[in-house]
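Participant: If you read the protein sequences in the order shown, they are chains A and B.
For the first sequence, this note's numbering assigns the number 1 to the initial residue and increments by one for each residue that follows.
For the second sequence, this note's numbering assigns the number 1001 to the initial residue and increments by one for each residue that follows.
Hint data in this document are derived by calculation from the structure and do not stem from the laboratory.
Here the structure is a predicted model, which is why all the values come from computation and not from measurement.
Keep in mind that a hint or two might mislead.
[Stated by the list, open to error] To give an idea of the interface, some chain A residues facing chain B are shown, with a C-beta separation under 7 Å as derived from the structure: (1) Pro-81; (2) Val-85; (3) His-208; (4) Gly-211; (5) Leu-216; (6) Lys-217; (7) Ile-218; (8) Trp-232; (9) Ile-235; (10) Leu-270; (11) Ile-277; (12) Gly-400.
For glycine and all other residues, C-beta sits at the position ideal for the given N, C-alpha and C.
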Amino acid sequence: MHPINWIIVVGYLVYVVVDGVRRSKGTTEIEGYFLANRSLPWWAVGLSVMATQLSAVTMIGTTGQGATDGMRFVQFYFGLPLAMVILGVTLVPFLHGAKVFTAYEYLERRFDAKTRSLTSFLFLMSRGMSCGTILAAPAVVFSAVFGWDLTWSVALIGIPTVIYTMIGGVQAVTWADVKQMVLIVVALVGMVVVLLVKMPVSPDEALHIAGATGRLKIFDFNFTLNETYTFWSGILGGTFLMLSYFGTDQSQVQRYLTAKSVPEARSSLLMSAYWKIPLQALVLLVGILVFVYYQFQAPPLLYNPAHEAQVQEVRGPEYRELQARYGQAFAAREVAARATADAPESAAAAAAMDVFLAREADVETIRDEALTMAGEVTGESPRDVNYIIPRFVLSELPIGLSGLFIAGVIAAAMSSIAAELNSLSTATVIDFYRRWYKPVASDAHFLSVSKWATGFWGLFACVVATQAATLGSLIEVVNRFGSFFYGSILGVFLLAMVPRSRAVGAFFGLLAGMAAVAAVNFGAPQVSFLWHNVVGALTVLAVGVVLSRVVPEKG
Amino acid sequence: MDPTETETPEAPSFRHTLVRVMTVQVVTLILLWVLQTRYNG
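Just chain B, with the same shape it has in the complex (with noise of 0.2 Å):
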């Protein structure tokens, strides 16, 4: 079976979408800290 279907022209936009999807969980992560350093007694 050949599972390279396709590879080529998607794989730098998903990159982008990598890194995309990586920033947006920094992003959550830093907002989870935010709420914990702001309430937690």
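Extracted from the complex, chain A is given alone in its bound form (with noise of 0.2 Å):
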């Protein structure tokens, strides 16, 4: 990468760890570090919000995503903009009017200690491990882009997001959430500009190349529940889904929860109704028309440079032949792209479009087989979707932007960590260090301990993230696991709101929850993981409010 751009890189972990420290002065007291004093602006807040949500899995998976499958994955969010509305009347009042620290500790005055604790400790154990997944996706990326070690990857993200984080509580977090927000739209701005002013094509014609593979299919109306992404499993499943993440997920409750009011946080949340679907489409845009424009300039034949350079030491004459066939296959391809894009409205648009599909059939065949021969190679994965978006990045981009992108899927991922982070020293601190081991000490020993909670969940993260390779396997379980529960705390919280439901209820309502997604999930695992949120929130309600009237009171 040009020196420019690693200047901009390297300035931007400069500012934000240094911005990040000057925000530390004044905080004296957990409540400011954990909750900057309830003093935030909405929009500010809203932003970090969004910022959390949004990780560098998002900026080179959901693009390349994009530039594979298409528009459809919009559809995940469209229970989104509802869940927020039911929010903004629900648990953000209760939640925000409580004066808690966390969501958890809330189920306590509502119910018991040990509800507080259970999903407390499930939300340690799954936001611990997928932070470092979070800080592993990307460093893999750079590791396999750059070629560099791994642990220097994962470093360059981690280390300056556990030191501001670490010293500046939320109050960094979320003024840095800001300011990553604002660099990873305009990178993603400026992407989509370059792209339209480097096309061979105009923007319309783009459209229908895109269109004719079908990536521009947004909406899916079957309803079948194997299917991820259909217009039903985004509405209802993601309804729910988006309930349990905004709603219950400490990393999100802790953003809003640091607004000055309860109308500042329900205008929080708002910004991302407004602007989460647009944003997206954008993301998965970006995708789509790097797509287009690998029709008009030969892309790679493997994305991910790394298995690349396996693949040409191992067996180097056969990739050699296979990249002359992938050659040629792409000329003719081109030259059925700009057919297609010459007569789009024409009799004849169905007739190139045909030949278009059919050389492009014929070059994901060779794709494929070069991905089988990569995989044989190297023993991993061949999937190579992230790859595509960081390698147009460092090979088409002109100087600056690819810098300001690369420090854009940085970003992504701080912001993402951060929030995790900080939210995960809350829990850890006040639901069971305050809680259960020394209820009474002074502000200043709470805040120590939160700072070192920071650092150890950071070095947590770092851990796993350097491990992925080895713990692939366990990942999967650990996040296969977090999909057991994530429905039935939302359920749990759903049930604090029912009139005379109790502890009780609550309590063996989450198990209840748990082991229903768990039968579903086995039972029947072709049902999407959407529909889990919904199976565990009902079973929790159902069963809570039944116990809560059938077993008697004590005392």
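Reconstruct the complex from the two isolated chains, following the hints.
Facilitator: Put into structure tokens, the structure is as follows:
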């Protein structure tokens, strides 16, 4: 990468850390460290909410998904605006009005200590591990693209994040999120502009080419439980997932607990309601435009440079023969793509499109052969979706913008990791350390413990990330286990709003909800995970309400 | 605890906001639908 790009990346990292440390001044109590003394404006909290949810996976994985699979992933977010509206009138006033540090703290006031501890423990386990995977995703890609050792990639992203989160607390996290969100949007919009300028066809023709391959098929109205991205799973399952995530996950709840008031907290969530779907469409559009761009500019046969190098070394002659065939297939496809672009509305359009699709299939067949070869040589998954955009950025974007995009990827990773570290520390200190071990101590003591807890979780995330390859199956198990209780925890919070519901219903309802999701998961593994949240939440509600009425109260 | 803090004066304007949110979503979905029908081969 050009030195100017590196200057942009390093300059950005230094700026975030220095600014974070600067914001730590005046933070002498845990209310300030964890909740910014509930003083932040709605727009800063709203941008922080969006930045937390937008991770590096979005910048490199979702854009790559746009290039290979098109726009249909946007359906995943169709339930989000409705979820934000529901949260605005239910959990937000409950949690903000309760003046709690963690969402789980509220459950003790409403039910009992064991329900609080169980939900908080489940949060710590799943988020602690997911923090590592969020860090690992861009680190693995940077490692392959720049040829660095994975440990250095993890350190580049992880260490600055841990420093400013540990020292600056939620103030540093939120204000860094604001800047990071601006950087991310500028980088994405800049990419779209550059793509449109460099594209040899008009935007209208580019979209016709993308549409011909089905990449602009956005809506799928089939009601099937085994398809993850449909209109119905997005609207119904997505609503429950977003309710769970924004309503009960401490990494999100803590964002809006820092708002000045209930109306400001609501407004911060409504920012996502307005902008999340358009932003996600923009992210996917970047990928789609990269796909169209590569119709006219030869793309690499394998996007993962590390895999490409290994294949060339081990099976060089065979790979070169494949590359030659790929070159011919690409040339034929380019001619067909231009014919499709030139005649999108004419009578010959259908015929041109058929030829183009046939040439596209030829290219994909050769790509599949190369991916199979990469899998055999490396012994790793040959899937290279996450490498499409980084390769494009480094080879095709002008100097400055590629540095901006790499900084944007790092910003996206940092904003998510920082929010999670901050919330993990909060749950550790408030729900366990202060609740069970040392209820009474000075604020200075709790502040010190909070900083060490942030550092601990940061170290934990870095270790998980550096072991990402060997921990792959373990992480998958943890993520799968995480889906068991996400909806169930939402069910407990919904139960809290049901009059006369009691602790016995909440605790055993939570266990029943997780068991129900596990049963669906193993008994009907083809059911998409979006529906698991619906099953979990409704089971907790049903079991909780019944037990609260049937089981007699003690004393 | 009393979770009803500042409910009453804010409620009408918030209802208005809800209508705006859902309107924006419907407009967004219509635009996506137009994109699909215009270009999907």
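Participant: Evaluate each hint against the coordinates.
Facilitator: Hint check results:
| no. | hint | result |
| --- | --- | --- |
| 1 | Pro-81 | holds (4 Å) |
| 2 | Val-85 | holds (5 Å) |
| 3 | His-208 | holds (6 Å) |
| 4 | Gly-211 | holds (3 Å) |
| 5 | Leu-216 | holds (5 Å) |
| 6 | Lys-217 | holds (5 Å) |
| 7 | Ile-218 | holds (5 Å) |
| 8 | Trp-232 | violated (14 Å) |
| 9 | Ile-235 | violated (10 Å) |
| 10 | Leu-270 | holds (6 Å) |
| 11 | Ile-277 | holds (5 Å) |
| 12 | Gly-400 | violated (31 Å) |
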